[in-house]
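J.: Working from the sequences, and respecting the hints, build out all of it.
For reference, the chains in residue letters:
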Amino acid sequence: VGFEGTSRWLRAVAARTGRQSEAEAFIKLHEGTGSGVSLNDKKIYISGETIPALGLADLVHEAGGTVAGLSLSTIDQNTANTIEESYKKHGWKFPLHIGDGQLFEQLNIINRLKPDVYLGEWGQVVQVARSGIPALNFSALPLYGYDAAVRLVAKINRAWNGRAFVEKHRAFAAPYSESWLIKNPNWYIKQEVG
Amino acid sequence: MKPRETSRTQCAFQGALAAVSAIGGVVPVVHANAGCALQGYFAGNLANGGQGAGRIGGLGTPSTNVVEKHIVFGGSARLREQIKNTVKVIDGQLYVVISGCTPNLVGDDSKAMADEIKDQGFPSAYVFAPGFHGSAYTGYQSAVKSIVDHVSTFTHSPIKQTKGLVNIFGLAPGQDSFWQGDLLQLSNDLLSVGLTPNPLFGYGQSLQNWKQIPEAELNLVLSSWGIDIAEELNERFGTPYIRRGYLPIGAEETAQLIADISQKIFVNEELRANSAAEAERYNEHFVGQFAEAYFNFGFQSEFSIAGPSSQAIGISRFLAYTLGLTPKTIVITDEPVFKGEPVEEILPHIEVKPEVVFSDDRQEITALLKKGSPELILGSSLDKEAADSIGAAHLSLSFPISDRIIINRGYAGYHGGLNLAEDIGSALINRKH
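Protein sequence lines correspond, in order, to chains A and B. Whatever position you read off the first sequence (first residue = 1), add 25 for the numbering used here. Whatever position you read off the second sequence (first residue = 1), add 70 for the numbering used here.
Honestly, I wouldn't trust all of these hints.
As the list claims (entries may be wrong) - Covered stretches of chain A (chain B as the covering partner; in silico rule of three or more C-beta atoms under 8 Å from a C-beta of chain B): (1) 145-151; (2) 157-166; (3) 183-189.
Hint data in this document are derived by calculation from the structure and do not stem from the laboratory. Where is the CB? At the ideal position from N, CA and C, for every residue including glycine.
T.: Pasting the structure below:
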């Protein structure tokens, strides 16, 4: 996912297939592909499966945006290091939210962070959009490769430009009470532990 | 003037014929080449969403079918013969003679022939509509003006005004593809606030409605093609008018239009508020449902549009302001009048300004619509190829339309926006990437 991610993947494949020179030529051909698109400091919240979500986070940073928060479906021994690397690489300070589904928790967090655009998956995006945040379902879009990276950035910008839609239809906000939205998103976990 | 390839605006004759044929009880009598009325049937009716031609139209249109001898020796006698025969075989409340290109080139006095029939007790009117006189909108205006002149002869001073009666002008039958549905939707919206709409064309409209024109309290003009008529009616009968210049689509634009009307004539405030609130609730409910598809399928798209000003502007405003789509290029195919910079008048509150171009040339329109590879192209059936070539979704909204059927569908008014959202959503999910 993303410009650097695509080049990295191509180099890795080339190294194992002995096609380094072809890969380098192809990568050179696409140098500057992302220079024409920019997220212009937009704050993006990303929610989804760990690996594509972290790839998207890389793209957001490459395209001049910032990651405002992150919800991942799971964390385990295989992905913990990758997540930690991303935190270090991008200098993230925000707490990581782990929850498969658990949209009520995400909305609580989003309500505090007020990102410019939410990148999520099927179904989730609708609920988030109803809370007034422009939302984009990345799981319905091609993610991998240079062209996809350009299209993804353009699509995020379009979601932001078209925020009139979410702003006008806030009346259909997800039915979460104000009292929940101001609580700690981990409030239910504490209840169970207690 | 540079040549145009495959113009998507019909000629003045077709505009006049379609307008006259869209009024119940009014009989067109065509004085034109053999084939002119037939072309109107193929284009304005069949290639316009497969719309019907009405009771007296299409292949049943009375016509002189002018041929060579009528050019050489003149065709007035042929017209006289046609009128006499028409009144014998077709019952009508008004016979409207429409003269096309060739009779006007050779100088036939068609008006005199139309007047002649009056002496025999048949009401008649005459429309000067050679194709070279202008576009279908010019023909629409000429037809409206002629029939208004005819009905005005029944108007005696002082005019008894009918409270709340609103004439609607500016949507040209046969040219504006959704003219009938749009008029129906707007009429319902005016009814909902206690006003009496007078759409003049289409369902339930007859000469009786036209006779009421001078009694109206207000004239509403929904494109650039009706301003002259509204100004004339203002001069003759003192009727004020509102010029919109584009179709009001969706709850917000329609509520604003009705609010503007209430600034000109009395509108029951309680009805107005209730109607706007109910329309908003209704729209919110269904747009809320539409949101599921919108966000799940990623409808946030760039679009380019080609069409007549009333539609291209109305649709662009609804898509940009309400549905949050991004306009890329707006091609306006008629020749509307703008006071200032067109893009500022069309979409004043938008960050990324689209390109606005005036063109009725197919080659140029194709290039403009493809420019920047938008994901959605809204235009005529002629633009499907352009959309396919860049992998864009395509929806036919403006003449000519040969890939969908239009019966009473409309995009104007409180609920028209939902129809538009439905059609655009369907086009987007059928897009072949």
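J.: Look at each hint and say if it fits the structure.
T.: Here is how each hint holds up against the structure:
| no. | hint | result |
| --- | --- | --- |
| 1 | 145-151 | holds (count 4) |
| 2 | 157-166 | holds (count 6) |
| 3 | 183-189 | holds (count 6) |
Of the numbered hints given earlier, the model fails none.
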